[in-house]
Amino acid sequence: MDKPWNNKAWWLVAPMLALVAFSAVIPLMTVVNYSVQDTFGNNQFFWAGLEWYEQVLSSERFREALLRNLLFSAIILAIEVPLGVFIALNMPKKGPGVSVCLVLMALPLLIPWNVVGTIWQVFGRNDIGLLGWSLKSLGVDYNYVSDPLDAWGTVIAMDVWHWTSLVVLLCYAGLVSIPDAYYQAAKIDGASRWAVFRHIQLPKMKRVLMIAVLLRFMDSFMIYTEPFVVTGGGPGNSTTFLSIDLVKMATGQFDLGPAAAMSLVYFLIILLLSWVFYTVMTNHDAQR
Amino acid sequence: MLELKGVGKTVEGSVHIAPASMTLVPGSLNVLLGPTLSGKTTLLRLMAGLDRPTTGEVWFEGANVTGVPVQKRGVAMVYQQFVNYPAMTVFENIASPLRVAGVAKDEIARRVEKAADLLKLTPYLSRTPLTLSGGQQQRTALARAIVKGSKLVLLDEPLANLDYKLREELRAELPKLFAATGAILVYATTEPTEALLLGGHTATLSEGRVTQFGPTLDVFKRPLDLITARTFADPPLNTIAATKTGGRFLVAGMSVPAPDLPDGDYILGIRPHHVSLDGDGPPIPATVTVTEITGSESYIHLEVAGSPWVMLTQGVQDLESRAKVTLRIDLKHLIIFSSSGEALAA
Amino acid sequence: MARIELDRVRHSYGSGYALKEISHAFEDGGAYALLGPSGCGKTTLLNIISGLVAPSEGRVLFDGADVTPLATRDRNIAQVFQFPVIYDTMTVAENLAFPLKNRGAPKAEIDRRVEEILRLIGLEHRARSKARGLTADDKQKISLGRGLVREDVNAILFDEPLTVIDPHLKWKLRSQLKALHREFRRTMVYVTHDQTEALTFADKVVVMFEGEIVQIGTPAELFETPRHTFVGYFIGSPGMNVIPARIDGATATVGGQAIKLDRAPTLTGGKTELGIRPEHLTLGLTGLPVSITRIEDIGRARIVHADLGGNPIAIRAPEDAEIPAEPKVAFTPGKLGVYVDSWRAL
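Chains as they are written, first to last, in my numbering: chain S, 294 to 581; chain G, 199 to 544; chain A, 131 to 476.
Treat the hints as calculated values from the structure; they're not laboratory data.
Where hints are given, some of them may not hold.
No farther apart than 27 Å at their CA atoms in a straight line, the calculated lysine-lysine pairs in the DSSO-like style are these [said to hold, decoys possible]:
#1 K260/A <-> K497/S
#2 K363/G <-> K334/A
#3 K401/A <-> K522/G
#4 K363/G <-> K150/A
#5 K401/A <-> K363/G
#6 K499/S <-> K260/A
#7 K302/A <-> K260/A
#8 K270/G <-> K312/G
#9 K480/S <-> K237/A
#10 K497/S <-> K231/A
#11 K302/A <-> K363/G
#12 K522/G <-> K300/A
#13 K442/G <-> K419/G
A partial selection of chain A residues facing chain S, derived with a Cβ cut-off under 10 Å [as the list claims (entries may be wrong)]:
#14 S180
#15 G181
#16 A184
#17 N206
#18 Q209
#19 F213
#20 P229
#21 N232
#22 R233
#23 P236
#24 R262
#25 S273
#26 R276
#27 D289
C-beta: ideal position from N, C-alpha, C; glycine also.
Let the hints inform the model, and build the full structure from the sequences given.
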């Protein structure tokens, strides 16, 4: 079907292009600019070439933070995706329960990041927090301030609590779009519960599930506010993710050059990993 | 008056509509008849201005409107799918074109109520479309087309998704509804019987070509060629090859009287209701493949000399599959085509 | 294979009965159609047989055994739905094998059956392709195939299975289904609102109206002697003429004109009507005077709409019949029905 050719439409796009230029392209170019220069803070810049990149990539600190990030993303994906699918499968499809469930599920998503952090920071304290205190009175030696493992547990629990709902809601949307006839046909064909999941529900959920995985991966890889509020990156550096490290470097130490180089590397890693995720999943889709 | 002057549409080298010329007069009912993908919808879109023809011109009321976008033409279109605004009441749905046109409030109420009355929608005005039956939903879409007061109303298989009894009722009402408005009505359908019931004029389409355009019964009774005869036949037209020598046709090993035509090869067309088991005519052996019963009539599908035939009988007649029967053909109603498919005598 | 019996089954979706009390037996190996307009309860009835819906009251028996409490899975029936249901992740062959696999059939048998069904639905060349890339027609053929693949089912149920099939392919599938039934003699129940599908497929047609069975009969019985005016209206196109009349003994009076009946019907009070099909009326110089209001020419016949003593009637006249200047209508002897409160009394 052909449409009349009309160049006027470009004027409608122009404001958006300008906005994107100001909010994304120009800051990005500034960062690129910083990343190849050195400064001592008095607005004098010296050409540094790729020195900062070499420094960032070879630093132990960067590699550790990157590994932490990858581990964190892997863990929360491994928990949130199956859990989200499981909850979505068990949510009611019709009746008054639907809206109750949907509101309950949406609640954590409505809370601002830093508030989530604060809630869990208090929740986990073993003097006044419900979780920390309960665990302590049960005899569990739990202290997220001093024990790296406890800190990880707390940050992961917090993320699962905060974001599983997103996976649930996306999967639920996929599930309710399946016509009743599919379930009826499966009953007639004598399909088991597993076969219904494997051959009807999973294929119909696949597209939304892909979006959920992608969103959760990118978000978790860029996580900053919540762990910063709860643990501040500690104890030691045990919960210092890339973004936290980046902020420390840029605004704590005012190492603008290395911080700029690092943020660009960080940006490229996210871009690359997201692309890999996307291609792998869509290819898989196309083969079927 | 809507005039198509050699209007054609070619997309990336493939012909969607071969150049066609037609003149549709105000207050007329025009049927576009053809099977799926024969170009009916493309032709409707060209008439509406949704697409721009690659050749030819569209004239409306004496002005060349080729390339004028659909929004500026004031046409109304009703589709096979029930297209309504799901969140609006039936009243608001019908009123929507009037609101866009900025008609005064009490005038809107008056016109919507009149249209609703015509289409028997008055009890449902405050309901939303999705709570109504298919027939009522399509009536809502039709009512919207009526209140719009367009001079060109295009209907693309509007009854195809309805139960056949509803279809029967709505089909009888449709021409009357629009007749009062003086609009040019164009109605696309795949069903020959529907074209006959609607009357008016019919254009037959086959593979993007308008093969004939004229008064509906004329086109049906006097098709210009075999393609038109096949398009305008339900059940399908039976055909058989014949050779004329010495004043008689030689058909399937039999000799039958022939009209005054030069000797040579011909194709004989016989309509299914001119085939029977008990008439006079020459006997033709056939095998029953399957029987379809519509209630008032039965379609007996047969095999005659290796090609599929259909016999139409009244009432319920169920012949066993694979039964051997002897057919009789009503020779008075033969349609004779030259071997290249032009109609010679009907 | 099984005889399916409904014993005083009723169903309600909350307010009022969608299905009024029904007791009926589907004989083992019979081909049945449930015919009626949308909302008449036919799909509910089908789902009660398959167990997808539990009836509010009454029992369902398979070969005399009460299966009412059994789940769908345990009733061992096959059902084909209105819209194609295919398993996206599987190939065509795997789709067909699925019902057998779920019941643990041996591999050799699965292969043999899948092969047979592939041939039957004409998709052998697609056996190894993913089912989701196919057209709606082919997908529905897979659904049909899955319904036919198990040899040991108690019944095969069809819920308007040809809705998505292209009109030009419909009659082929319809006749294939009929041939299949003749060959395998399984109990089949076919739900549809299309009279042609019902009459063509079934030996016995169950006509439903507003949650009730109004008549069960062969296609010929439904056409010749409708038990209820709804059956007369629904079967046949146009439907039966229903004319209000006063009955005195063996004489009916319509608009001041007397019509002689074969014998005096037993009257039980209520409104009395005459029912006669358009096919059983003859327009000519004898009979009751009528005034013609409209003539529809459908090519093979003419449908004459006329006024008989203030009542609209339709008459089917032959293709080349003369319409007299002072038309009169004659009733074919033995075809006139008398209806009291819509039910046939004579």
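Structure-based check of each hint:
1. K260/A <-> K497/S: Answer holds: K260/A to K497/S is near 15 Å, not above 27 Å.
2. K363/G <-> K334/A: holds, 21 Å
3. K401/A <-> K522/G: violated, 48 Å
4. K363/G <-> K150/A: Holds, at about 23 Å.
5. K401/A <-> K363/G: Answer holds: K401/A to K363/G is near 24 Å, not above 27 Å.
6. K499/S <-> K260/A: Answer holds: K499/S to K260/A is near 16 Å, not above 27 Å.
7. K302/A <-> K260/A: holds, 25 Å
8. K270/G <-> K312/G: Holds: K270/G and K312/G sit about 26 Å apart, inside 27 Å.
9. K480/S <-> K237/A: holds, 22 Å
10. K497/S <-> K231/A: holds, 22 Å
11. K302/A <-> K363/G: Distance ~23 Å between K302/A and K363/G Cα, so the pair holds.
12. K522/G <-> K300/A: Since the Cα atoms of K522/G and K300/A sit roughly 25 Å apart, the hinted pair holds (cutoff 27 Å).
13. K442/G <-> K419/G: OK: K442/G and K419/G at ~24 Å, within 27 Å.
14. S180: Nearest chain S Cβ about 7 Å off; hint holds.
15. G181: holds, 8 Å
16. A184: violated, 13 Å
17. N206: holds, 8 Å
18. Q209: With a minimum Cβ separation of about 5 Å from chain S (threshold 10 Å), the hint on Q209/A holds.
19. F213: Interface hint status for F213/A: holds (6 Å vs cutoff 10 Å).
20. P229: Where the cut-off is 10 Å and the nearest Cβ of chain S is about 4 Å from P229/A, the hint holds.
21. N232: For N232/A, the interface hint holds, since the closest Cβ of chain S sits about 4 Å away, which is under 10 Å.
22. R233: holds, 5 Å
23. P236: violated, 16 Å
24. R262: Constraint on R262/A satisfied, holds at 8 Å.
25. S273: holds, 8 Å
26. R276: holds, 7 Å
27. D289: It holds, given that the least Cβ distance between D289/A and chain S is near 9 Å, below 10 Å.
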